[in-house]
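Residue numbers (the numbering used here), protein chains in the order written: chain A, 7 to 368; chain B, 7 to 368.
Since the hints were derived computationally from the structure, they do not count as laboratory data.
A hint or two may mislead.
Since the list can't tell identical chains apart, any single copy or any two copies may satisfy a pair.
[To be verified] Derived pair list, reagent style BS3-like, types lysine-lysine, alpha-carbon separation capped at 27 Å:
1) Lys313 - Lys340
2) Lys290 - Lys340
3) Lys62 - Lys140
4) Lys290 - Lys313
5) Lys257 - Lys62
Number of protein chains: 2
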Amino acid sequence: MSTSRRDFIKLASTAAVASTLTETAQAQTGGFRRIATEETFTVPEIIEAATELITKNPDHEPGWLNYISGEFPFYDTVLRQMIDLEDERLGLMDAAGVDMAVLSLWNPGVQMFEASQAVELAKITNDQLAEGIKRHPTRYAGLAAVAPQDPQAAAQEVERAMQSLALNGILINSHTNDEFLDDQKFWPIFEAAVANDAPIYIHPRRPPAQMVEAFNDYSMDRALWGYAMETSTHVLRLIMGGVFDQFPDLKMVLGHMGEGLPFWIHRLDTIGGLPTTVTTIKRKPSEYLRDNFIMTTSGMSWDPALKFTIEVLGADRVMFAVDYPFGSYERDAKWLNAADISDADKALVYSGNAERVFKITG
Amino acid sequence: MSTSRRDFIKLASTAAVASTLTETAQAQTGGFRRIATEETFTVPEIIEAATELITKNPDHEPGWLNYISGEFPFYDTVLRQMIDLEDERLGLMDAAGVDMAVLSLWNPGVQMFEASQAVELAKITNDQLAEGIKRHPTRYAGLAAVAPQDPQAAAQEVERAMQSLALNGILINSHTNDEFLDDQKFWPIFEAAVANDAPIYIHPRRPPAQMVEAFNDYSMDRALWGYAMETSTHVLRLIMGGVFDQFPDLKMVLGHMGEGLPFWIHRLDTIGGLPTTVTTIKRKPSEYLRDNFIMTTSGMSWDPALKFTIEVLGADRVMFAVDYPFGSYERDAKWLNAADISDADKALVYSGNAERVFKITG
Chain A
7 MSTSRRDFIK LASTAAVAST LTETAQAQTG GFRRIATEET FTVPEIIEAA
57 TELITKNPDH EPGWLNYISG EFPFYDTVLR QMIDLEDERL GLMDAAGVDM
107 AVLSLWNPGV QMFEASQAVE LAKITNDQLA EGIKRHPTRY AGLAAVAPQD
157 PQAAAQEVER AMQSLALNGI LINSHTNDEF LDDQKFWPIF EAAVANDAPI
207 YIHPRRPPAQ MVEAFNDYSM DRALWGYAME TSTHVLRLIM GGVFDQFPDL
257 KMVLGHMGEG LPFWIHRLDT IGGLPTTVTT IKRKPSEYLR DNFIMTTSGM
307 SWDPALKFTI EVLGADRVMF AVDYPFGSYE RDAKWLNAAD ISDADKALVY
357 SGNAERVFKI TG
Chain B
7 MSTSRRDFIK LASTAAVAST LTETAQAQTG GFRRIATEET FTVPEIIEAA
57 TELITKNPDH EPGWLNYISG EFPFYDTVLR QMIDLEDERL GLMDAAGVDM
107 AVLSLWNPGV QMFEASQAVE LAKITNDQLA EGIKRHPTRY AGLAAVAPQD
157 PQAAAQEVER AMQSLALNGI LINSHTNDEF LDDQKFWPIF EAAVANDAPI
207 YIHPRRPPAQ MVEAFNDYSM DRALWGYAME TSTHVLRLIM GGVFDQFPDL
257 KMVLGHMGEG LPFWIHRLDT IGGLPTTVTT IKRKPSEYLR DNFIMTTSGM
307 SWDPALKFTI EVLGADRVMF AVDYPFGSYE RDAKWLNAAD ISDADKALVY
357 SGNAERVFKI TG
């Protein structure tokens, strides 16, 4: 990494970007408390470590090379905005009437690193996250990073994050080293999540080696398509693999209006019930989706998908999310303010569900 | 194959199964002409050839082994019903008030065979399909099989099927030998389809080698999940790869209410429009989906998905389909008869769109 890019990261981490926005939250609330639930941040230590890793092996995490190359000015802005937890972010939230952001570490988080480094970086990240929340307790909540590379250490970090750091859940960026969480070696993480009442946000990641080749053209391996295909496939593996029979109290959160799964409920139940479908699960796939999952609006600020998901899962199963800085607080709050659903449902989507799922009392 | 199973296939091909159903079509029509548009058939030559292939190499087409092993009585019934174009099928259609079935060769059709054998089997299949339609011109229409393994021969078969056999379009079972149709070597097929005004039904198939490994557990490689993931990914490759810029008049049909793609329209347009998305297409992804595609209800007899797809694509973009013998004429017609859409929309979904797309005049 060049000296100038190191300086840039230091500058960004001090987050001294003054907000020039003049509108206040109060002017736009319209009676709703607004909590955004998939709000991205990172810390300089992650960027340093990722840059070192990608510099050594550019193929390790395709996409990251774009971020660190300096080729796209867009990414410089995004990196700065992800590190900032102060004036710029809060100013944009204020202007949109967003009261609170539930922060989580940028995809793929610590999951791109070797196990012991990942465990260490998760702790560093979670400590900084807790400090940011302590500085702004009415504005931020947070989901802890964990390193599934070391399931026992991840389970311990779940406990530390929930008990010592008082965070609100955890977020896992889908597969780790091309392995899915239906592999029972990862289940200590679920055990710890249930024991500590920690919801797990399954965030998309670029598809694993065993499926990515079909997505490598036309940028289909990322947000356009591959993210959703990977994450929905991963989640269905969890359901069909019996994770929720073993852990019936496990709560999970999915972005992008459930990564397409709500659209498939009827077919999943029909085909899932055939004698030719090999599974030992006790209930219909849809029952797990309704009871163990809650979906967010990240990247899906679109009335038809919102209304559909509320229709098939219930208004208590959808939460507002912007995915700042990839999404815009202003644009997405403007959308949901005007969305064609009842005020009662809107109150649930904007904050009622997030308060319940993430135990946000302040 | 055992002698008894050969006898069984011969028996089935004579299709002398008497219908015991007493209700008549007239009693149930409710004023709608009903055309079902993804109705599966096969011919003894395909079953013989597939059995020979799978007996030599059981891994060649996983799933087929179940069909030919005799292990599941369910499959014996299905094989018999697929071969029959006479009393049993017509009786079930009658009882449900289904006037016409648009027949197509069972997945993966000729696409599992070596090129020259596939070309030959496609001709044999299409000839028998045309004969079946000639026997029952008011009850059947048909989509031709082609062998993408030999694109030039496939293009010639498109012309023969549309001109000499007067069929109504073609059906391709998605990838061929793990290759997708965005590869320009296949484009002679699209050229012939446009020249002969043949809509192309893209039917699901088990995911190709480069993505299937993520789907191999819990029967996720077939109708439960892998089919939809494979076909939607394939179709998005066609869109992002510029097929519809090159062939703006190309018409395609997708089953399973568009294989999930309607749910993603907003996100496809948003992410597809970012400077970081690598594509040269001229329009938004949603514009191709609306202008070049029409979706069927196969396997998705479910009001929420029907209403959603009509809302986002239009009532002129959805067609009734049962996927007999995997679906039930009685159950699916009963569903659509009662579905919560207007009678005008229902008339389009039941037959108006199929008459237009497949040029069904009789």
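Against the structure, the hints:
1. Taking the shortest alpha-carbon separations for lysine 313 and lysine 340, both the intra-copy value of 17 Å and the inter-copy value of 26 Å come in at or below 27 Å.
2. Taking the shortest Cα distances, lysine 290 and lysine 340 sit within 27 Å of each other only across copies (23 Å), while inside one copy they are farther apart (37 Å).
3. With identical chains, the CA atoms of lysine 62 and lysine 140 are never at most 27 Å apart, being 36 Å at best within one copy and 67 Å at best between copies.
4. In the homo-oligomer, the alpha carbons of lysine 290 and lysine 313 lie at most 27 Å apart both inside one protomer (23 Å) and across protomers (23 Å), since each shortest distance falls under that limit.
5. Proximity of lysine 257 to lysine 62 under the C-alpha cut-off of 27 Å is found in neither arrangement, the shortest distances being 38 Å within a copy and 47 Å between copies.
Hints 3, 5 from the earlier list are contradicted by this structure; the remaining hints agree with it.
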